[in-house]
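Novice: Spelled out, the chains give:
Number of protein chains: 2
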Amino acid sequence: MAALRPSAALDRLSRRTSPKSLELKLKSSQSQTVFQLTYNYVRETALLESTLALLEWDEHTGLPYHAAPNRADQVTFLSGLVHQRKTSQELGGWLNELSHSELAQNPNSEVGASIRGLKRDFDKNVQLPQDLVKRIAHAVTVGQQIWSEAKPKNDFASFLPHLTEIVQLRREEAAILANGSPCKYDSLLDQYEEDALTANIMEVFSELREQLVPLVQGLTQSGSGPDGKSILGEFDIAKQKEFSHWVAAQVGFEFERGRLDETIHPFCTTLGPHDHRILTRYDAHSFSSGLYGTLHEAGHGMYEQGLSPEWFGLPAGCAASLGVHESQSRLWENMVGRSKAFWHWCLPHAQKWFPSLNHVSVDRIYADLNRVEASLVRIEADEATYNLHILLRFELERELIDGNLKCDDLPRAWADRYEAYLGVRPANDSEGVMQDVHWAAGLIGYFPTYTLGNIFAAQLMVAAERELGDISEMIGKGEFRPLLDWLRTNVHKHGRCYKPTELIASAAGEKLSSKPLLQYLENKLKPLYR
Amino acid sequence: MAALRPSAALDRLSRRTSPKSLELKLKSSQSQTVFQLTYNYVRETALLESTLALLEWDEHTGLPYHAAPNRADQVTFLSGLVHQRKTSQELGGWLNELSHSELAQNPNSEVGASIRGLKRDFDKNVQLPQDLVKRIAHAVTVGQQIWSEAKPKNDFASFLPHLTEIVQLRREEAAILANGSPCKYDSLLDQYEEDALTANIMEVFSELREQLVPLVQGLTQSGSGPDGKSILGEFDIAKQKEFSHWVAAQVGFEFERGRLDETIHPFCTTLGPHDHRILTRYDAHSFSSGLYGTLHEAGHGMYEQGLSPEWFGLPAGCAASLGVHESQSRLWENMVGRSKAFWHWCLPHAQKWFPSLNHVSVDRIYADLNRVEASLVRIEADEATYNLHILLRFELERELIDGNLKCDDLPRAWADRYEAYLGVRPANDSEGVMQDVHWAAGLIGYFPTYTLGNIFAAQLMVAAERELGDISEMIGKGEFRPLLDWLRTNVHKHGRCYKPTELIASAAGEKLSSKPLLQYLENKLKPLYR
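Sequences listed follow chains A and B, in order. 1 is the number of the first residue of the first sequence in my numbering; add one for each residue after it. 1 is the number of the first residue of the second sequence in my numbering; add one for each residue after it.
I should point out that these hints are in silico values taken from the structure, not numbers from a laboratory. No false leads were slipped in.
From the structure, some residues in chain A lie toward chain B, with a derived Cβ separation under 10 angstroms:
| id | residue |
| --- | --- |
| 1 | W57 |
| 2 | L63 |
| 3 | R277 |
Every residue, glycine too, gets a C-beta built ideally from N, C-alpha and C.
All chains, please: the whole structure from these sequences, using the hints.
Specialist: Right, dumping it as structure tokens:
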């Protein structure tokens, strides 16, 4: 692509994206020159990647019906350009040179971490045989298509051969990436959560499960607790949009650097160092879907807004991992947004938009928004049962990759595990093993990051409170800035300069532990269920 | 870029974008192989160009405030990729070979016209020295910036050196492209209106001016005529959006292949063969701005929707010229949308959205929407005076390029010409010579396409009526399909297979003539001014 560079437009681009501070910090040297070339090259790749993000954002906000095939072609073509740049010999050569240079010596500096992260990503990108990459891409495209047809028809049999192929291909991939290590699942997990080890996660998740299963049983079988009715009614969607926008701005999402839109499956995406877009969905019969979709995605968005714009597209300006990302969304959605203090502050405001809430008390709405119910569907689960949905998926997918469980036996294993952990058994595979798209999309090793996010969030809240004092009191007054600033300083601004476990351990002052999450759930839920 | 091709994703892409009919039509031959390579290559370029269109659409529909610099970088980078592909030796070699092959023999067939058009575009793209291209790009970037600051301050002096430089650079460009021909302006005009000749346009525009100046003077000095008040009031913007959407769908804009959105300066853009986006702006005090913005852009959009999806991105699937494009927008906006028949049909519907129109008659609203007023600002002009705004710009910019007028003397020449043609004189340069961005953006040779559009539209309406019978009667019943189908058959489906004047002459059954436009304006306006 070197032939592209000399144009005036690209000269302008390079000028714009070269960080001045960087030029000061590095002495004139061969390594500095190579780093500057690498930096510019990666920033250009990021321009393509953020353009891809726009293509996808637009696809989910109102792409005309017949435009989908051309959109797929645009995405495919740009993805090809990105892949070519990410695996180019030119980049590989620079990274080889840099990783042996003095610039790589401090692995936690912005420059050192970026070299380490880029080298790690490059090696992963070139390590897999092109043929396997293609076979996986094809299998998951077909897999998702078949899944979306089989799920409503409750037809696991037609999905089974595709799932079997996907699991087999990802086992092959894991074997190559594992480089002889005995735990194949580690190398899949590592793609979503850098350096996470299956053994560590098993230990922490086991502790969690041992206490969570009896806690949930105790609550759901108590016969008491909230009925969830105060949050139902008629809620004008135009008003919900205004309210969600206002709440997101109050907690700290910057609308001069972002947008909030409507979609079918809420998500957050980044289109540039100052362009963060969150999307939620609204339900005319309950305001909680729109509001908590917004708060969840605003948590993701505020993390992205706290990363360094100067290092955008490089590891020093990227999120640390999916687990850390999820910790930010769950913290704002649940630990802030479902707290009693939040509703002390928020209810009088919400009543201005929704007069039907005028006769609802803070205690009542707080209780209803925290109702615990053993259900079959993950995405509708409350804070306590949610983790059980994740834990059993983690166990099952690990067994699939290890070869201890066959895809044929998956529906039964799924149902047995639901019965054991949640006391409910799916009536069919549509609300059972086929409920999530993840496995059809090849996402194996992804699920545990959801519960890691909850664990991290609880650890971070304990540490923040130790330093800031009574956070509930602040939230009760609508003062969210101290908490956000603490997260900016202790999590966001570090990007990928530390490995996720190091980052959280440093911020939380303790290593990975499920205790804060369990403590939080017990303290919150037991009083609601006498 | 050949190294990119072998990926599975791109194989899939090529399969998808190869027209089956094409493979049948062409016998196996070397030329066929080269044509197929060219076709695939140009379609891939079109994927990048339509992605650029999305970046620009999104920029005008709510880009976060601080996201603008990164958006400019994305656009610059993708534009660089497009330019590289459009001037590549590979493409040049193929086009050379094809233009001497048997496939180029019929210049009006889809294949022949595509070869001819691509060769023409390629030659233009490589003919200009890279240095001149860069100097122009720089001058117009700075020029627009200075213009946008100078206009509100009414400061022509600070804009003058930049305008002088832009005119000088475009004269250099014209001299190179003219290849020794005496009329430099021809080669600028040709960039917007293929094969249009200054001499021809001068002749037709002179005829128009000679009759239009007295017509407008007669009307505006008559002391009678509509006062324009029935269309003013309070019009809820949410309701205007619904109404505009409904009207666009009624006239034939396909929403399964398009969208209607809100922006500051209305436009139409194409993001794919089935993705056409129109944008309008709304005024809470008058529904005409939103409605006529919609109808104008829907006219552009329906033209794009009538092009061949199979030839998307190639000349056979592109609009013939800016003038032909403008003929479609002005036809639907004015000749349909401002007709009395349209309001016979539309008023009862409009009253459902806007009860304040309940006491307005068809005659009254029709008259008010067609009020003629000699004004200083082009974009606010009525159908009759609009062309005078254009004619004087055409004259002035031609004199600038010929060297008969200096930029220093432009403000005075502008004011004199407004006085002569419209009887009004600007009080300052802000509402005078600096009102439009075109010259600051280097767009010299572009203005005449606006009036060509009006002339073409009037010629097309006469021909359509000759074939279809009483079009007013159809419009009065809300039957727009016969007119749209006639335009599809006689204009849209031919893409760029014919030169614009050939296309219009063939559809209209006569060569370029201002008579139908003058006749139309006289028939319509004289009865409104007794």
